[in-house]
Amino acid sequence: MMSLNDFKKEILPLKVKMYRYVLSLVHREELAKDIIQEVFLRVWEKRDTMHMIKNKKAWCLKCASNLAMDKLKSHGNKVSELTLVSGLHDLEQRPYEVAESRDLILQMQQILEFLPADQRDIFRLRELAGYNNQEIGEILGISPGQVKVYLHRARQKIRTSLEQRINYGISKS
Amino acid sequence: MEFQRADKLLKRYWRGETNSSEEEEMRIMLLRDGGAKLEDHERPYFDAVNRYAHADLPESFDEKILEQIEATVEQNTALRFGKAAAVIILLLAGGYTIWQMPATEKVEVAEMQDAQKAFELTKQALYMFSSELNRGASFAMELENFDATIDKIKSKDGSSEVQ
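Protein sequence lines correspond, in order, to chains A and B.
Under the working numbering, the final residue of the first sequence carries the number 281; numbering is consecutive throughout.
Under the working numbering, the final residue of the second sequence carries the number 1412; numbering is consecutive throughout.
Derived by calculation from the structure, the hints in this document are not laboratory data.
As a list, the in silico EDC-like pairs of lysine to aspartate or glutamate whose alpha-carbon atoms are at most 20 Å apart: (1) B:K1313 / A:E137; (2) A:K165 / A:D142; (3) A:K117 / B:D1311.
Owing to the predicted nature of the structure, the values given are computational and were not obtained by experimental measurement.
I would like the entire structure built from these sequences, with the hints used as guidance.
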């Protein structure tokens, strides 16, 4: 059975990378925080059987990802509701930051749309959440070499798409 | 010098050859001075990635989670004590009810228990008796034959004496 000390040692340190990963899925700070909190409470509720789960990091991420999908379905995914930059509650006072934040989210959503699903997950885990190739391999059940290949393809695709957008004048700037 | 290093890292980055720390170093160098070293199409990309990659939770997050967890621990402990207390109360209530039962009801219960016991004992005794009866039946038959034979011999002897 997982004790409170085990929880502090094994589960709590997963929070930051997991938060960044969830944020890349939902693009809302408050929602991402709520999801991480819910995942941790679920882990605690399952503390009697958690020792049977081999890869707790992967389990938590899967749980967070499923929760994020459920919340997105129920909340909708309107960019106007998104708040990536902290302290944007007073929208009238800081319109420039609001606009910048929305541009940023749109930019990220477009980047992610360039990629097929498998590459998108690896991109999120590596570039946005900050996991290394070894960790991603363990989470997804593939070798670090395969992770490297997928990541390389993802970056190539992004680079080409960004260049094309500039060349064809699709870019907003 | 820094520009050369950043440029080299950028080329390696697009080829997927950099590690996490090199990428962090590269982003810092490239985004300095508003990303002047970057191409137009690269600047918004690195800016967006950098913002997501540095998003962080507030310091109070751990405290909030641990507070909620400790609340569930206390709830569970209270629930466990509550269950134990409920069992003790039930046992005490049961004992008290029997203790408070009128004497006649107690006698009736005792009589009923005695009658049941007597019935069981009688049943056992009868069963034993019947099995013993069966066991002696063959012996009784042999004795009967023996008596008949003796009678026959006696009657033969009697007739010979008369002759």
